[in-house]
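Participant: Here are the chains, one letter per residue:
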Amino acid sequence: MTYARRSLRLYLANRSYVTLIPGGILVIMLAMSLVIGVAIGMATEFPLSAQIQEGMRENNGGAVYSIPGFLISLGALAVNRNFAMALAFGSTRRHFWLGTLMGFGLTSGATAASAVVLLALEKATNHWFFGVYAFDVAALGKGDYVLTFASVFVLAVLSLALGALFGTAYRAFGTKGALLTGLAAAVLVVAVTLLSASNKEIVGSWLGALGVWAAVVVAAIAAAISIAGSYAANRLARL
Amino acid sequence: MTAFAEGRPIFLDLADRMADDILAGIYPEETQVPSTNELAAHYRINPATAGKALNRLVDQNVIYKKRGLGMFVATGAPEALRASRRASFTAEFVLPLLDEAARVGLTTDEIVTMIKDQS
Amino acid sequence: MTSHPPAGTPSGIVLEHVTKRFGRTEVLTDISAVLPPGRIYGLLGANGVGKTTLMSLVCNHTFRSGGTVLIDGEDPAENPVVLGRTCFIREDQPYNDAFKVRDVLSAVSWFYPDWDAALAERLADRFHLPHRTTCKKLSRGQRSALAIVISLASRAAYTFLDEPYLGLDPSARGIFYDELLLAYSEHPRTIVMSTHLIDEAAGLLEEVLVLHEGRIVLRADADEARTSAFVARGLDSAVTALVGHREVLSERRLGSILSVTVRGARTADDESRARAANIALEAASLQELVAAIGIGGIGGVDTESFTTQRTSR
Chain A
1 MTYARRSLRL
11 YLANRSYVTL
21 IPGGILVIML
31 AMSLVIGVAI
41 GMATEFPLSA
51 QIQEGMRENN
61 GGAVYSIPGF
71 LISLGALAVN
81 RNFAMALAFG
91 STRRHFWLGT
101 LMGFGLTSGA
111 TAASAVVLLA
121 LEKATNHWFF
131 GVYAFDVAAL
141 GKGDYVLTFA
151 SVFVLAVLSL
161 ALGALFGTAY
171 RAFGTKGALL
181 TGLAAAVLVV
191 AVTLLSASNK
201 EIVGSWLGAL
211 GVWAAVVVAA
221 IAAAISIAGS
231 YAANRLARL
Chain B
1 MTAFAEGRPI
11 FLDLADRMAD
21 DILAGIYPEE
31 TQVPSTNELA
41 AHYRINPATA
51 GKALNRLVDQ
61 NVIYKKRGLG
71 MFVATGAPEA
81 LRASRRASFT
91 AEFVLPLLDE
101 AARVGLTTDE
111 IVTMIKDQS
Chain C
1 MTSHPPAGTP
11 SGIVLEHVTK
21 RFGRTEVLTD
31 ISAVLPPGRI
41 YGLLGANGVG
51 KTTLMSLVCN
61 HTFRSGGTVL
71 IDGEDPAENP
81 VVLGRTCFIR
91 EDQPYNDAFK
101 VRDVLSAVSW
111 FYPDWDAALA
121 ERLADRFHLP
131 HRTTCKKLSR
141 GQRSALAIVI
151 SLASRAAYTF
161 LDEPYLGLDP
171 SARGIFYDEL
181 LLAYSEHPRT
191 IVMSTHLIDE
201 AAGLLEEVLV
211 LHEGRIVLRA
221 DADEARTSAF
231 VARGLDSAVT
241 ALVGHREVLS
251 ERRLGSILSV
261 TVRGARTADD
271 ESRARAANIA
281 LEAASLQELV
291 AAIGIGGIGG
301 VDTESFTTQR
311 TSR
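Protein chains in written order, with my numbering: chain A, 1 to 239; chain B, 1 to 119; chain C, 1 to 313.
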């Protein structure tokens, strides 16, 4: 653990990875939701009608969409910026990967905690005073704190690990390698989707058994695959 | 970096320089000479090379090791150095002199006159 | 993890039949060498002969295509204990773009339990390294200075210096030589230093390994290597007669004047014969020796005869 902690500290030396960025992503998303809310309100009425509020609650996936965009690039950047330094300073690839993964855990935790805090604020302010739903939404579990935390956390881990996978593949195999990795990931997603569609009953019953946790579990499996992939690519990466 | 003679190991050159310093009285008998690391730092050379120079002087009984203290000039070292330099004077200085004299056509008498004029 | 000898006992670096191919190009061929610990080694040779690649292989920054590498008796690949004793800043070392010099110095301190913060501070001052400048804005000389600060203050048991004084002005090079010797005297360690600019640093080295066309063509005591070649210049026929059957590393002609770099020490007999035949004899510096190997292309010659292995000390 001593060795992995060195690379964790290297990750955390980029302080914004655990401070500004996690909260920042969600605040930007919230601001966009508010702007849209105000625009709709100006066209209709304040506070927003119950029907519009319900629509927002069901359909506003901003929290879900905003996270991957930022965190995939952060994951790729984090591994590529620090890998050469960690190796120069005598780290193994394994411990660099482990330390960085621990860092991803902290970034994801901070992001999920920010989401929970913002959800609490949203509820306390009667949905930002005029009925805007950004966190108390269907995609995050309709105001359930545990489900919100879990959803954001798993999504953040998945995004960071995907970024690390592509970033490391680029380092290990060059542009072509990164492209092939992306292609392989896409083929995997399509294959799983097709396989699920052709076995609707079985997959449906699995997901049904998981209930509201279904999305979280699926994302967690994808995250685990990405983590395994980033580990494999990391072991092959050279300077 | 102080230049050492080309084509000759540094440790030999350094040992000769230290012998020169001992002959000149810079390091009197029973006084300490610089350590391996001090020599290495001063001349910007590898400590192993400096150590070899000191070992050479130890082998020639010019300096000796006092356990835990360092290297010291042996009693009688300057006299011994002078004697050995005298012994090699002919080979090192006189023969090359005569060699060059023969090439440019100087007689022995002419050389003797030149030497006398200089001293 | 088993180890022979036990981990913690410095036993140096052992290379056995190490090869490296990039695609179909063989960059390093059958490299075998034993580097006992606690010495300063010079890894010499022209640009592009594989000096950096060899150090990368030893530190497992890149992967060897064949052969064995041991540091302190263990394969360094993914070995945290052994790799933790290494420090290898490449000549083109990438740093985190967002990091300032001071960020890099605090980051490196987390990796080395013996990190000498006071030394790092002093060296950074002596080299006038700007603490608040981001790494990507450093000049060539400043990058070299940063690598020197990291390498010496790490106190890593196996420190690899890759063209350490590239871009440094003469006074900064002087600081490097002094600080290298001081750090090495106070905390002995194994230092492997690659360079194609040899003469100024020749005195610092204890042993030299000369790479040519991916092979080690010369391994010698650095001080003795100063006498391992000489230059003879004179009339073609006279020089040829003097050289006899000895190995000629390189030769240059000017009309009927021939200038050859001959391998081996010149003897008293050579000197008297040279005088008689009006041949000028000069010492070949280590730089000239290495350059002569590069020009002469002796890589194909049986390397045994070029290897003066030191068996004991």
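Since the hints were derived computationally from the structure, they do not count as laboratory data. There's no promise every hint is true.
[Stated by the list, open to error] Listed next, with one range per pair, are the computed distances between beta-carbon atoms:
# : chain 1 : residue 1 : chain 2 : residue 2 : range
1 : A       : 9         : C       : 169       : 28 to 36 Å
2 : C       : 32        : A       : 5         : 53 to 61 Å
3 : C       : 273       : B       : 76        : 50 to 58 Å
[Stated by the list, open to error] A few chain B positions that, by computed beta-carbon distances, are all more than 10 Å from chain C:
#  : residue
4  : 6
5  : 10
6  : 28
7  : 29
8  : 37
9  : 49
10 : 70
11 : 72
12 : 78
13 : 94
14 : 106
15 : 115
16 : 116
17 : 119
Glycine included, each C-beta is placed from N, C-alpha and C at the ideal position.
Participant: For each hint given before, does the structure comply? Return the numbers of the non-compliant ones in rising order.
Facilitator: Result: hints 2, 3, 4, 5, 8, 9 break, sorted rising.
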